[in-house]
Amino acid sequence: MKVNVSHNNDSGIDQARLARLSSLKFSIREGLESLYQAIVRTATEIFETQISALMLLSKDDRHLELVAAVGLPENVSPGEIPRGQGISGKVADSGAPFVTDDIARYLSEQSIEMERYYQAAFASVPMMVDGRVVGVLNICDPRDGAVLTDYDVSLLSIMANQAAIAISNARLHANLQRRVDNLAVINEVGRALNATLDPEELLNTIVETSAQLLGCDYATIFLLDSQDGGFASRTSYGYGIEKAKNLYCAYEGLVNSVAEAGKALIIPDTSADPRFSPEPIEIGSMLMVPLATRDKVIGVLTAERKEKGGFDTTDQLLLSTLADQAVIAIENARLYEEITRSAQELEQKVEERTEELAQAIKELTAERDHVEALYRITRDLGISLDLDRVLIQALALINEAVGVDHGSIMLLDPESGNLIYRAALGRDKPLPRGGKMTNFRRGVGLAGWVLEHREPVIIEDVARDERWIVSPGQERVSKAALAVPLAVGEDVLGVLLLHHPQPGYFTETHLKLVSAAASQVAASINNAELYRMIRESAERMGGMLRAQQEEASKSRAILEGIADGVMVADARGNVILLNAAAEEILGMSREGIAGRPIHELSGLYGAEGDTWLALIKEWAQALPAEDEPTSFESRFETEEKVVSVHMAPVLMRDEFLGTVSVFRDITKEVAIDRMKSELISTVSHQLRTPMTSIKGYTDLLYLETVGEINEAQRRFLSIIKSNADRLALLADDLLDISRIETGRIRLNLEFIHISAISDEIAASLRGQIEEKGLSLKLDIPEGLPPIIGDRDRVTQILTNLIDNARHYTPAGGQITVSAQVRGNFLQVSVADTGIGIAPEDQEKIFGRFYRADHPLVQEVAGTGLGLSIVKSFVEMHGGDIWVESEPGQGSTFSFTLPLAERGKDMEESLAPSVSPLSFVPTKRILVVEDEPDIAELIRYHLEGNGYVVTTAARGEEALAKARQEKPDLITLDIRLPDIDGFEVLQQLKSDEETAAIPVVILSIVPDRGDGFRLGAVDYMTKPIDEGRLLSAVGAILSKEDIILVVDDDRDTTRLVQEVLGRAGFTVRAANNGFEALAVARREQPGLILLDLKMPGLDGYEILKRLKRDRTTQDIPVVVMTGSVTDEEVKREKVLALGAAQFLTKPFAIDEFVEEIRRVLTQWH
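Offset between the sequence shown (1-based) and our numbering: plus 508.
Everything labelled a hint here was simulated from the structure, so no lab data went into it.
One should not assume that every hint holds.
Listed next, the in silico BS3-like pairs over lysine-lysine satisfying Cα-Cα at most 30 Å (straight line) [as the list claims (entries may be wrong)]:
{"#": "1", "residue 1": "Lys-771", "residue 2": "Lys-814"}
{"#": "2", "residue 1": "Lys-1229", "residue 2": "Lys-1176"}
{"#": "3", "residue 1": "Lys-1601", "residue 2": "Lys-1615"}
{"#": "4", "residue 1": "Lys-1149", "residue 2": "Lys-1176"}
{"#": "5", "residue 1": "Lys-1497", "residue 2": "Lys-1601"}
Derived Cβ-Cβ restraints for the label pairs, each shown as a range [said to hold, decoys possible]:
{"#": "6", "residue 1": "Ser-765", "residue 2": "Gln-852", "range": "18 to 26 Å"}
{"#": "7", "residue 1": "Arg-1054", "residue 2": "Val-1168", "range": "24 to 32 Å"}
{"#": "8", "residue 1": "Leu-1643", "residue 2": "Glu-1092", "range": "50 to 58 Å"}
{"#": "9", "residue 1": "Ala-1079", "residue 2": "Glu-1394", "range": "54 to 62 Å"}
{"#": "10", "residue 1": "Met-636", "residue 2": "Ala-740", "range": "31 to 39 Å"}
Here the structure is a predicted model, which means the values were calculated and not measured.
The beta carbon of each residue, even a glycine, is placed where N, CA and C say it ideally should be.
My request is simple: use the sequences and hints to build the entire structure.
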């Protein structure tokens, strides 16, 4: 930039100046300050000016700083000139030179306040190095008022660039020299640090060297406090002691930051860093480096300068290098300090251990002597179990070990409580055998004190101790005494006393030895006593064993003499005994069975042999629970015999010893029972065959199915019907007795209201009761809970009792039927005002064929079976029956039946949805009956309720029609002219085309067992009851719509009933496993909903039993559970057991119903 520049073409001067510049060389070895001064002097000399000034850019290139000048007034201090301001600042910013003839005029015209100290002609040129401006060189006021030309400016620019290069080289030389000096210092510091192991001296050396090395004002070391985990200032350079202690408060955030990061930190301006807390000492910039070992930071080293921007990366490297050496030195000092401290502690411990070892050797020597003495005492005491020898030997050994001549052992007499001298040394006279009784007892004398307090004691001088009682002869020998108790556990057996004529003879060492010996003596006394007791017990046991052997011989003789066969097995299941009767009954020899495992003989226990043997194995592992059966009965047949077998476990307290099996030959009894059954079957057949037609057609006439009847006809038909029923009941009594004896009675359990049954019975018997001049009163409260029972059998029980009251109550009397709840049972009572029963007869009337010896009783026809049958039926329901009566005052018969444990609303919801008169369209039924009248009667009943009926009179015809027409149900008579009905049933179930057709047996043959075994779904005996027939048929044909809910939570049960009921299903419910299995076998539902968590039998066991039972194994089971823990494991387990589906509660109603329908469709 040129401003008012005159042109001077004095070539001579220019040539001289150029020559001078060509030979110009700046020395860089004298330092930067000398170089700066040489540059400004040379500029004034070459360009003959009064003033020259050298200004360099700061490190951040933001402003110019005056570093050297010639000719400026002393009072002028230009300070810092911001880049881009003033003449110099603009030259530095633009990189273009500036020249003017009158600088003062220019500054005034431009209103520039800076650099007003320049006069006359002025030139300013930039100093360039590698194209970068590093400063400005100014010249001003040439001599004699000369002006500065363009040539002068170009020469000045050349000089400025040469000077810039020289300054750059000088700086490099200075940095290099400083590094050399720093390395030398670090080397010296390393030697100095390694030369001392004193921590304080070491830390002071580090901070002083840091300040010297970096030329900083302050330095501080912060070290980690192992106790509180914080950092504390340990030593400082440049601070006072008090301020050094408070440095951590100012630097806390910064120190923690460096320690956590593990990296150095440069803070060029502390005032701009929020982590720094200002202190009274002025600090402009900081450098902080961590003191780090391999695994952790142990401190922080800091360097501070008063000016800002005082540190660079070179300083950081130097301080980090010093910090690394410092860490090693600090760790070495710490290790040295620890080693020194450990060595001192070790020396102290060695001294202590040496003293302890000497004392231990001394004690061990004494202990060895005591142990040797005790060993001799223990060894010699174990030689004999004779009490007197034990005591004398023990006292002699103790006296020898302690060094005394007088001593005694006194034992406590449990009867008198006194002490007895049993052994003594130093006496003039020996003790009598068995010892000598003394007057010492608890609390009396020294021995009594020891006995009472259970503590040993030393008396230095017995004359001064009030507990000592002088015995004759002890005046001379007893000055010092030692007494210890002879104790075993909590029992004190006696006292051991030692005497010595020298006062204070006994020591604590003697006391320990004698106390230890006393324990051995007491144990020996106890062993001798135990030996005596064992010897006496052995003698008693020997006598008992002889008596037991004699008793065993008697028992064996009895066992061999009884008629029943007996087989005994031990706990491992091996046969150990077989009597002669068992050999004959089983046809096996003892030699062939003895020692054999019982599981090889499972055939001896009938069809359930494997189950029994499995239970035996369970008993061997764990005893049977209180509610489990512990005896089993069965039978098996050989070619010639029928044998009953009874097996039971042999238990002794909590131990399973084995099993006992009893065999009895019942061939004759079975033959007699079979003959009786055949006789009853034949008689009942002859009664039932005509009664079927009589009862059936009477019912049709009574119901006006063939025309209206008048009242007289209705009454006559009612009488016929009543007597026909009575005749049928007579046959039923005979059959019932036979069935009860053979265990073939099968209860069809359902919920029953006793009021309904009472009303029905009263309606049927009221005419007969009133005809005799009696009155019948029903005292049945409303709202009684239902019972669970077989409706037919309960009706039979109550009918029998009311009919008996009618027979044995004179005219004018009254019969009252009442009911009330008793706990979990319903008690029903039938009271009359009849003849009463004598006390001696009350115990017999429930027996078979018994009739009281009373004229009125003998006048009434009867068999004496009614009350026996009633008692059997009540007990089969789990109830009880009894009578209360006084002759001439009447009788009250009462019985109990279990409550169903359900509310009325639930019972009603569980009632069958198919009524006897409900219409079931499109269902086809095949009636197989050889009696045309009965077949026509069955057809009439079924067709009247909407069923399509086809009949067959012969077995072959029935099989053909079943295959051809595929009926929905078959009713089957057993006695057919060509093929036995059971054979027909077997062929139907063996044929795949007909196996699924349900079969209901209608027969006079009361053999339900064979019928159900061959696959019948129901069994009804003739005469036929229309209502029961239609109800059974309707229930069977709708079984696919029946769902059994098994859940102990009643709220869940009600919900499922409501949901499935609205969806068109019939719902049954069971609250426990046993009830569920019974309902499933009886009802054969289309599907079972099973909860896993059930009382008694859990869901898994119920599922296993359902799938093992042939009658229920094909019913689909959907498992429900409210537990979601291990859900997948439970799902896999129940599906493996045969479940059709696995659902978790709660579930969406629509999805639940849809899933039920899907399972039913899939399985049916």
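Given pair status - Lys-814, Lys-771, alpha carbons within 30 Å: This hinted pair holds, its Cα atoms lying about 23 Å apart.
Range hint compliance [Cβ, Leu-1643 to Glu-1092, 50 to 58 Å]: This hint holds: roughly 53 Å between Cβ atoms.
Pairwise hint evaluation, Lys-1615 against Lys-1601, where the allowed Cα distance is 30 Å at most: Between Lys-1601 and Lys-1615 the Cα gap is close to 18 Å, so the pair holds against 30 Å.
Satisfaction of hint between Lys-1176 and Lys-1149, Cα-Cα up to 30 Å: holds, 9 Å
Restraint check for Lys-1229 with Lys-1176, where alpha carbons must lie at most 30 Å apart: violated, 42 Å
Restraint status (C-alpha distance of Lys-1497 to Lys-1601 at most 30 Å): violated, 36 Å
CB-CB spacing for Glu-1394 and Ala-1079 relative to the 54 to 62 Å hint: holds, 56 Å
Whether the CB-CB distance between Ser-765 and Gln-852 falls inside 18 to 26 Å: violated, 39 Å
Consistency of beta-carbon spacing, Val-1168 to Arg-1054, with hint 24 to 32 Å: Check passed, 26 Å falls within 24 to 32 Å.
Beta-carbon spacing of Met-636 to Ala-740 - inside the hinted bounds 31 to 39 Å or not: Roughly 52 Å apart at Cβ, these two residues miss the hinted range, so it is violated.
Of the numbered hints listed earlier, those contradicted by the structure are 2, 5, 6, 10.
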